[in-house]
Amino acid sequence: MTFFVVVSAIKVFVVFNLIMVGVALLTLAERRICAWMQDRLGPNRVGPQGLFQPAADGLKNFLKEETYPAQADKTLFTLAPLISFVPALLTFAVIPFAAPLPTPWGVVPMVVADLPVGFLYILAIGSLGVYGIVLAGWSSNNKYALLGGLRASAQMISYEISLGMSTVAVLLLAGNVTLSQVIAQQQQGAWFVVSLTLAFLIFMISALAETNRLPFDLPEAEGELIAGYHTEYSSMKFSMFYIAEYSNMVTASALMATLFFGGWDIPFTSWDQSGDPSVLKTLATLATFLAKTGFFLFTYIWIRWTLPRFRYDQLMALGWKVLLPLSLGYLAVIATAIWYLHQQLGWSYGTPFALALGAVNLVLVVLVVWWLDRGRIVSGSMVREAA
Amino acid sequence: MAIGVKVLKRPTRETSYLRATLKGMALTFSHLWRPKVTMQYPEEKSAKDWTISSRWRGTHRMLTDEQGRAKCVACGLCPQICPANCIKLVPGEDEDGHRYPLIYEIDEFRCVFCGYCQEVCPEEAIHVGVHYENSEYSRDRFVYDLERLCAQTHPVSTLWDPSDPKGE
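Heads up: the protein sequence lines correspond to chains B and D, in order.
Numbering of the first sequence is given in our numbering, commencing with residue 1 and proceeding in unit increments.
Numbering of the second sequence is given in our numbering, commencing with residue 1001 and proceeding in unit increments.
What the hints contain is simulated information worked out from the structure, not anything from laboratory work.
Keeping only pairs whose Cα atoms sit at most 20 Å apart, straight-line, the calculated SDA-like set for lysine to any residue is:
{"hint": "1", "chain 1": "D", "residue 1": "1036", "chain 2": "B", "residue 2": "36"}
{"hint": "2", "chain 1": "D", "residue 1": "1036", "chain 2": "B", "residue 2": "35"}
{"hint": "3", "chain 1": "B", "residue 1": "60", "chain 2": "B", "residue 2": "25"}
Here are some chain B residues pointing at chain D (derived, C-beta under 7 Å):
{"hint": "4", "residue": "36"}
{"hint": "5", "residue": "37"}
{"hint": "6", "residue": "39"}
{"hint": "7", "residue": "40"}
{"hint": "8", "residue": "41"}
{"hint": "9", "residue": "305"}
{"hint": "10", "residue": "306"}
{"hint": "11", "residue": "373"}
Since the model is a prediction, treat every value here as computed from it, not as a measurement.
Glycine included, every Cβ here is placed at the ideal spot set by N, Cα and C.
The shape of chain B in the complex, shown without the other chains:
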């Protein structure tokens, strides 16, 4: 018991700090990658390659004046950044980030809390974050902030459904919501991205919307709403929204890696999951996990600096008319396929099972891409007038 408490405390401390450092570096990565994509260099003055730029930014934020709008609801105005900041950091707790680490006192699982409710916990806590944004928008007593908050609530509720639906497919296949079990299942056969490609695509799009990243950043929408829900925030309170956004990105990327890309699993070898745990295995799997997460973080940034923002009706149309029916239909198809393979043919999950599902997915993806590519989904307003 003492061992568990001590180990948990250490893990909480280490993971919290790593995420904060990761978020800091991510802000730098975002600025530098965006600069490179625009043929610029980006911030490279503070420290080697600009590595200390986030520290300078953080210091600046601490020293800035805290402003309170005269008509704001002081309590909620102060509380709102906390409400979006805390759930953003909490969600990472259930994500396993490496193979178990052996210590002289016992084997330590490399996850802060391997909750039996696993993924449900992430959905539950993750959806708390929207309260922070809505309350920030409302308590500022500013029409732009309120509009941002309203948009955030509508958007996050819409996309949460397809996000949840796309993960139901994962849970069907894994038979368990505990994330370590989900990883274990993927290690037996192929990664779920093979057997649930379409679910992955839906999950990725919904996760973009859930984290308020471009092209779904309507709650912020600096061109239309100044800065949306955090218009009135300054200093560290603004910074907390920023940190929340980026740690949501980290969690979403880690979740994509865990649910669909085998988590800390090293591909094409069973060395990492069989035999006795060792320090080398832990480090190797940690590196794998970081690489996968880093790839998705890069994709996030890449998408942000490529795509323009959706119009509000386009956003809603995509959420309700495309992703929701798609994920529901997909769920029906994939459940039938799993039932057929499992019950009728008596296969258990393994490479042939995954490949069979992969074939089904390939057909579905081709169909969906063909359907989307006819271009009935997102269109300019002038086009509709002409038609």
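Got chain B sorted already, so can you dock chain D onto it with the hints?
For chain D alone, coordinates are given in the frame of chain B:
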């Protein structure tokens, strides 16, 4: 249609967002590796990509003769013409009857860099310079005295020549 207006071909039917997205992603990715256009200014001063015109009117420079004395004869034309009233000149005369400036100061903060002083100078002594890096630690360092004006080494402005308006 006015000359030089580029008319983009807009789609008349609904178009695919998917292909456009992938195309855009490929484009931004390729830009990651392209050479960057940023000139890292204090370390890099590219004379090729960023030159200032020879007509540039920057901080002043007083030209000197072979003995290292200022060419100025303290005629008083430059403080007279100066629209910003930034030139302070106290004339003096030596025993041979040569006039020279006892005090010659230019307040570069007051100066509007019109270049009239250079235009009006009969001895081609005072010039505005082709120079733009002027930072100092205190305000009073921006009042240039005669010694400082003579010590400047940057090239002097050619000003605008009405007979050659395009500088050819």
